[in-house]
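Kindly generate the complete structure, drawing on both the sequences and the hints.
Taken in order, these protein sequences are the chains called A and B.
For the first sequence, position 20 matches number 156 in the working numbering, and the numbering has no gaps at all.
For the second sequence, position 129 matches number 133 in the working numbering, and the numbering has no gaps at all.
In short, the hints are calculated from the structure, not lab data.
Fair warning: this is a prediction, and the values are worked out from it, not measured in the lab.
By construction, the Cβ of each residue, glycine as well, lies at the ideal position given by its N, Cα and C atoms.
There's no promise every hint is true.
[Said to hold, decoys possible] Some chain B residues judged to face chain A by a derived CB distance under 10 Å, without partners named:
hint : residue
1    : D7
2    : L12
3    : T17
4    : W19
5    : R20
6    : T25
7    : P126
8    : T128
9    : P181
10   : T246
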Amino acid sequence: MSRRAERAAADPERPEPSGGIPPGDPAGFADWVRPHLPAMARLAARLAPAADRDDVVQEALVRAWTKRRLYDGARGTAAAWLLAITADQAAKARRRASSGGRIVPVEPEPAAGPDPDLARAVATLSARQRLAVDCFYYAGLSVTETAAVMGCSEGTVKSTLSDARARLRPLLEVSP
Amino acid sequence: MTDVDRLLNEDGTRWRAAQPTAPEFDPALFARPRRFRWQPLAAAAAVVIIAAGVVGAVTLRRSPDAPPPAAGPADEIVRDGDRVAGQGTVIAAQGQPVRMCVSGPQVSLPEPPPPDCVVGVPITGIDLGRLSSRDERAGTVWGGAWVEAVYRAGSLTVTRQEPYRQPPPSDPTAADPVPCPEPPGGWTRPPADNQAAEARLKKALARQPDVYAELQVRYPYGWHLQDESDRKGTVVYLVGTTGDVAAARRELTRVFPAEHLCVTSVEWSSAAMRAAQRAFNTKEAAAAGVGWARLDVINDGVGVDLVVLDERAAHFIAGVAGGRVEPLPLLEKTG
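What follows is the structure in structure tokens.
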């Protein structure tokens, strides 16, 4: 079983890739985005933990609606496109939070995971490595979707994740 | 799978399991996509620009491909006993009735003065303690609120009050639609010494304000998350004409490079827009409960702010520019 198939089987919320132009009517558009809402919400929660997750998602949906004609199914899945927009809106939410006088770093801050030791170790990663870890391991995105969010190739995602794991290994004192 | 991989996978699985359910899709966001409301308080600085007569990017953004409204204007007119819903700025000044207002500009100061109520409708039953971004100064309380209310005899009676719903922020880095086909190889950046050509273009447009719209500069590659090319910053000069597009293009390419120019057909010339703006900047408009005009060059339209589109306001708006002005009431009829 491929890695993607494994992840899909492990996560019943994960939508299958879908293509085609987003419908131009609100109801059709709603149907088009609905399967991707769980992943969008997880990504928003992970990348902008200080912001209102649902606000970030709604802003991303509005953005997707206004830009729907720019979507090109030949260049990537609907999920990847929507997740990239969500990541963009999460970044804006972070900037708004930081400019509003609240002490919130502009770089993705480490949203706490259940394991505090692991959370501390992840916090030592570079921003790029944290983003890859957040997308892949926590938001549950595929390598392809993570690449869309990070704006890089799938190979770069894999190497970034590998670097992140290598950096975490001595911190967590686990075997390779 | 390495141990680190396993640890991260397990931690991620637990984290996902602890997340609340994803939000429901809110179709209300798209029910009226042609109207992207402004935040009444914080965005008011932009209103100053419009009031000063500068048009362009700081006008209402209507998606050009948005679906048409479900009901015609006649169905949107609010009459006695109608229920309405929407949001705006509530201003309670000493010695005056509490009003839902199209508010005036807010100054970005630590202690801003109360906003002006450009046009307002008396409102009862509102809880001033629950206003969003509530402020109080010089005996005046103000803030934002979303309300459901009954409209009767020129007043609103609140039946439900909620916090102001922040509209989605606009994205200044967004790619602009360009209504001309992209040239082979894409749009290119104008030369750095383009100012002289631009000045000539503006001069040509200014000679015929009743034919041409305001010049717009659009960024066709302004936004794309994965665009790492050097195309960002490429601009296209967009000119709207109420006349013949081909003839206008021939005329304008005499003074401006054709490869950076897009000429398109529009309904509103620059002169027509400004005439509409002047018509709404009058005591008569205020008396009809109609606020100021928004000149939407980007989407080729003129909108006008008001609290409720009642018969008096609708009659006034219909008398301007042949009825082409779009009313933008804060509160709209719900039943």
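Status of each hint after checking the structure:
no., hint, in the structure
1, D7, "holds, 4 Å"
2, L12, "holds, 4 Å"
3, T17, "holds, 8 Å"
4, W19, "holds, 5 Å"
5, R20, "holds, 6 Å"
6, T25, "holds, 8 Å"
7, P126, "violated, 32 Å"
8, T128, "violated, 31 Å"
9, P181, "holds, 8 Å"
10, T246, "violated, 26 Å"
Of the numbered hints given earlier, the model fails hints 7, 8 and 10; all others are met.
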